[in-house]
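Engineer: One-letter residues, chain by chain:
Number of protein chains: 2
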Amino acid sequence: MCELLGMSANVPTDICFSFSGLIKRGGETGSHKDGWGIAFYEGKGYRSFHDPIASADSEVAKFIQQYSIKSTQVICHIRKANRGRVCLENTHPFSRELWGQVWSFAHNGQLKGIKKKPLNGYLPIGTTDSEYAFCWMLGRLRAEFSNKPTSKVKLRKLIQTLYTEIAQLGVFNVLMGDADNLYTYCTTKLSWLTRQAPFVEAKLLDADICVDFKKETSSTDVVTVIATEPLTSNEEWTKMVAGEFSVFCLGKKEFTGFG
Amino acid sequence: MCELLGMSANVPTDICFSFSGLIKRGGETGSHKDGWGIAFYEGKGYRSFHDPIASADSEVAKFIQQYSIKSTQVICHIRKANRGRVCLENTHPFSRELWGQVWSFAHNGQLKGIKKKPLNGYLPIGTTDSEYAFCWMLGRLRAEFSNKPTSKVKLRKLIQTLYTEIAQLGVFNVLMGDADNLYTYCTTKLSWLTRQAPFVEAKLLDADICVDFKKETSSTDVVTVIATEPLTSNEEWTKMVAGEFSVFCLGKKEFTGFG
Chain A
0 MCELLGMSAN
10 VPTDICFSFS
20 GLIKRGGETG
30 SHKDGWGIAF
40 YEGKGYRSFH
50 DPIASADSEV
60 AKFIQQYSIK
70 STQVICHIRK
80 ANRGRVCLEN
90 THPFSRELWG
100 QVWSFAHNGQ
110 LKGIKKKPLN
120 GYLPIGTTDS
130 EYAFCWMLGR
140 LRAEFSNKPT
150 SKVKLRKLIQ
160 TLYTEIAQLG
170 VFNVLMGDAD
180 NLYTYCTTKL
190 SWLTRQAPFV
200 EAKLLDADIC
210 VDFKKETSST
220 DVVTVIATEP
230 LTSNEEWTKM
240 VAGEFSVFCL
250 GKKEFTGFG
Chain B
0 MCELLGMSAN
10 VPTDICFSFS
20 GLIKRGGETG
30 SHKDGWGIAF
40 YEGKGYRSFH
50 DPIASADSEV
60 AKFIQQYSIK
70 STQVICHIRK
80 ANRGRVCLEN
90 THPFSRELWG
100 QVWSFAHNGQ
110 LKGIKKKPLN
120 GYLPIGTTDS
130 EYAFCWMLGR
140 LRAEFSNKPT
150 SKVKLRKLIQ
160 TLYTEIAQLG
170 VFNVLMGDAD
180 NLYTYCTTKL
190 SWLTRQAPFV
200 EAKLLDADIC
210 VDFKKETSST
220 DVVTVIATEP
230 LTSNEEWTKM
240 VAGEFSVFCL
250 GKKEFTGFG
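Chains as they are written, first to last, in numbering that gives the first Met the number 0: chain A, 0 to 258; chain B, 0 to 258.
One or more hints might be untrue.
A pair counts as met if it fits within one copy or between any two copies, since identical chains are not told apart.
For lysine-lysine, the following DSS-like pairs were computed, each having C-alpha atoms within a straight-line distance of at most 25 Å [to be verified]: (1) K116 with K147; (2) K79 with K69; (3) K114 with K43; (4) K214 with K116; (5) K156 with K79; (6) K156 with K114; (7) K115 with K43; (8) K43 with K79; (9) K252 with K32; (10) K114 with K251; (11) K61 with K114; (12) K188 with K147; (13) K32 with K43; (14) K111 with K61; (15) K116 with K43; (16) K79 with K153; (17) K32 with K214; (18) K115 with K32; (19) K61 with K116; (20) K252 with K213; (21) K252 with K238.
No wet-lab data here; the hints were simulated from the structure.
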């Protein structure tokens with residue numbers, strides 16, 4: 000199984016603190032040593048960093064930990080391979096353009112029989128179930144809406160339907176983003192936490208690192224962090240339940256549904 | 000105008016030496032200070048690094064210069080903005096998936112009226128002429144071949160036709176790659192050089208750096224480097240002529256046509 004980390008914020012925010020905890024699980028405090036990746040949204044722009052080796056040993060991961068990239072939305076994944084060999088093309092997050100935006104996807108779980116579903120336009124580059132599921136969903140989104148739907152509700156409903164359909168095939172803990180929203184689904188493990196004023200000090204579970212968010216933020220900042228397992232020891236994380244679908248936008252949870 | 004750098008090799012090879020010369024032109028020995036990007040093919044895998052600031056000042060560029068990523072194909076671009084503001088989404092190389100492979104594109108020049116051409120499926124994320132041209136070409140490739148053509152010649156001919164059509168609109172010096180081939184076109188400036196045994200020492204034009212390729216390579220390595228301007232002072236670069244279309248594969252020039 001893999002580990003996921005996501006962030007949604009109302010101002011460009013760096014994720015160095017949470018990332019420092021997560022990458023320890025990639026070969027040091029955890030066994031997720033089969034590659035890792037992180038994707039940053041910066042306005043309409045998108046950049047990602049991938050390495051097909053253990054994050055705890057990765058020079059690229061060390062660089063990202065030290066170099067503050069400020070972003071309103073982040074998706075990060077560290078991999079323990081189950082389906083698909085260890086290589087760059089099997090490293091999450093996967094990304095594709097749809098409606099002139101970059102969509103990005105990271106997944107924890109296995110999906111039995113996903114490759115029987117027909118694809119439409121988007122093809123996998125690697126061999127994981129996860130990338131296949133992502134391609135299938137984007138194909139369905141494009142088949143339904145040739146342009147980006149003006150109704151946020153219609154789009155969200157379709158994503159929830161697709162998520163629910165995939166979740167029938169196994170474990171589907173997922174983070175998927177477009178340039179504006181983070182769409183999550185939980186079948187077994189996903190927790191979240193919103194940081195806003197009054198900010199407090201937070202302490203990582205996986206590394207001896209604290210950060211005093213009072214010093215790092217302004218009083219109007221709102222930042223939500225989502226992870227397969229809580230990353231800090233002294234904050235209250237909310238555990239999602241099986242079948243929970245949520246949408247995060249600009250730091251806040253905007254919608255939750257079940258199905 | 001921008002600067003381009005490409006590499007094609009028969010074994011995974013790092014590009015640190017050539018990249019060290021090129022990034023100096025991004026704000027130091029040259030005026031191309033509006034962002035830069037580099038893309039590496041590693042088997043079917045692909046990863047890219049982008050920064051919307053001058054490469055000479057970029058921490059990401061410093062990291063890439065020191066960290067040896069071994070790849071069989073590289074596309075790199077440093078930008079001097081003419082159309083499209085300075086931001087991450089306007090930073091080359093652009094990439095999209097077609098036929099289950101990542102296609103990557105970097106361009107030097109302006110293309111008057113390119114945005115009048117109809118798109119098919121692939122939409123730009125940023126506002127550059129270059130990304131628009133790339134999206135238009137991929138849409139045409141997919142319209143012609145719903146799956147990857149088994150005939151390399153048919154694919155190459157179509158790309159040459161599309162390149163020639165775009166080149167009517169202005170300056171079109173370009174590097175475009177799929178996972179196997181690098182397709183280049185020259186209207187005003189593009190030079191190339193193949194390094195193979197017996198290897199010699201090479202000296203950069205833009206920085207006081209030499210490398211002795213005898214020590215860095217094995218006798219069967221073949222590596223071609225392509226750039227808008229020669230990068231070394233003591234090697235013989237071949238200047239492409241206006242209208243020259245070439246395909247590089249595994250380090251060698253496989254085809255040249257004119258049109």
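Engineer: For every hint, state whether the structure bears it out.
Structural biologist: Outcome of the hint check:
{"no.": "1", "hint": "K116 with K147", "in the structure": "both (23 Å within a copy, 21 Å between copies)"}
{"no.": "2", "hint": "K79 with K69", "in the structure": "between (27 Å within a copy, 24 Å between copies)"}
{"no.": "3", "hint": "K114 with K43", "in the structure": "between (31 Å within a copy, 19 Å between copies)"}
{"no.": "4", "hint": "K214 with K116", "in the structure": "neither (49 Å within a copy, 51 Å between copies)"}
{"no.": "5", "hint": "K156 with K79", "in the structure": "neither (31 Å within a copy, 43 Å between copies)"}
{"no.": "6", "hint": "K156 with K114", "in the structure": "within (23 Å within a copy, 34 Å between copies)"}
{"no.": "7", "hint": "K115 with K43", "in the structure": "between (33 Å within a copy, 23 Å between copies)"}
{"no.": "8", "hint": "K43 with K79", "in the structure": "between (30 Å within a copy, 20 Å between copies)"}
{"no.": "9", "hint": "K252 with K32", "in the structure": "neither (31 Å within a copy, 39 Å between copies)"}
{"no.": "10", "hint": "K114 with K251", "in the structure": "neither (34 Å within a copy, 37 Å between copies)"}
{"no.": "11", "hint": "K61 with K114", "in the structure": "neither (35 Å within a copy, 41 Å between copies)"}
{"no.": "12", "hint": "K188 with K147", "in the structure": "neither (30 Å within a copy, 39 Å between copies)"}
{"no.": "13", "hint": "K32 with K43", "in the structure": "between (31 Å within a copy, 21 Å between copies)"}
{"no.": "14", "hint": "K111 with K61", "in the structure": "neither (35 Å within a copy, 43 Å between copies)"}
{"no.": "15", "hint": "K116 with K43", "in the structure": "between (31 Å within a copy, 23 Å between copies)"}
{"no.": "16", "hint": "K79 with K153", "in the structure": "neither (34 Å within a copy, 41 Å between copies)"}
{"no.": "17", "hint": "K32 with K214", "in the structure": "neither (33 Å within a copy, 33 Å between copies)"}
{"no.": "18", "hint": "K115 with K32", "in the structure": "neither (29 Å within a copy, 48 Å between copies)"}
{"no.": "19", "hint": "K61 with K116", "in the structure": "neither (38 Å within a copy, 44 Å between copies)"}
{"no.": "20", "hint": "K252 with K213", "in the structure": "within (22 Å within a copy, 58 Å between copies)"}
{"no.": "21", "hint": "K252 with K238", "in the structure": "within (14 Å within a copy, 57 Å between copies)"}
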